[in-house]
Amino acid sequence: METPNIIVICGPTGIGKTTVAIDLASTFQGEIVSADSLQLYRFMDIGTAKPTIEEKAAIPHHLIDVVDPDAPFDAAAFAEMAGNVIENLLVRGVLPFVVGGTGLYLKALIYGLSRARPADPAILSRLKQEAAEKGSPSLHRRLLACDPASAAKIHPNDTFRIVRALEIHEKTGLPISAFHATHQFSRARYHTLKIGLRMDREELYDRIDQRVDAMIAAGLLAEVNQLLEKGYHGNLKAMQSIGYRHMTDYLMGNTGWEESVALLKRDSRRYAKRQLTWFAADREIRWFSPDQREEMRREIRRMLEGASHGSIG
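Each residue of the sequence shown is one higher than the one before, starting from 7 at the first, in the working numbering.
It should be emphasised that the hints constitute simulated quantities derived from the structure, not laboratory data.
Please read all numbers here as calculations on a predicted model, not as lab measurements.
Certain hints may be false.
Said to hold, decoys possible - 25 Å max Cα-Cα, derived BS3-like pairs, lysine-lysine:
#1 271 - 243
#2 140 - 113
#3 134 - 279
#4 177 - 271
#5 159 - 62
#6 140 - 200
#7 159 - 271
#8 243 - 279
#9 62 - 200
#10 279 - 159
#11 113 - 159
Model the full structure from these sequences, guided by the hints.
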């Protein structure tokens, strides 16, 4: 059977993926499947830069506002959910445009991602109870002692990831990084054209700083306060994301306002740098500046014409 076609548009935060995707999807009568690990959460709109009502009216978007902020969600769950959406689009003869900056989600979707070994429910339950009684920082200190590499990457308030890492270490005696290697990627399930967006680093960082200012002006602080009032605590995985943890720290009195904004901008820039490093390792990506729309359209046409003639290599 012919491998189905999808278009992937990826790149760092703040570079304008949504605008480019809407333009290209409009040309090819496609629809957008979000591959953003935060836009899938309900009630988290401003800090995740979700597409506007007008943008969603221009092109149908999928996998936005599909789970609550306290729902467990990972790359494997995304791959399954996005795969179902893409299958439905292909049945309708619609070209899927998968758009986002979460590299692991994209890789899991295209190549498949096996789940790690099943967790031990008894250990998980005990660790969660300890976190509730003693606080996440206490468990984080324990993780620092037995798995310092993982602890350095996990925020002291990220209960979900701390508990998961401790459970794996307690059950196996190995750090969680040893099990990341068990994620087996196989043959691609789609014929994929990967379009990467990039620009001068300093220009990107300026755009990120400006976007943070725009988010704050649009009411990011009030959005985070409303989430907290709904009962979505600051130690949730979703609430530990960039922007949300910074505003939570300010609301909790842990940081001052100017410091919170400065840290938010700094961490957003650092996240963009990590995204660029991830995508730079993917040799299948064809890179463009966001304004090279005609060049992108030519690449898509070449792909579709090649597929129509039986050549999908």
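Hint numbers not upheld by this structure, sorted from lowest to highest
Violated: hints 2, 3, 4, 5, 6.
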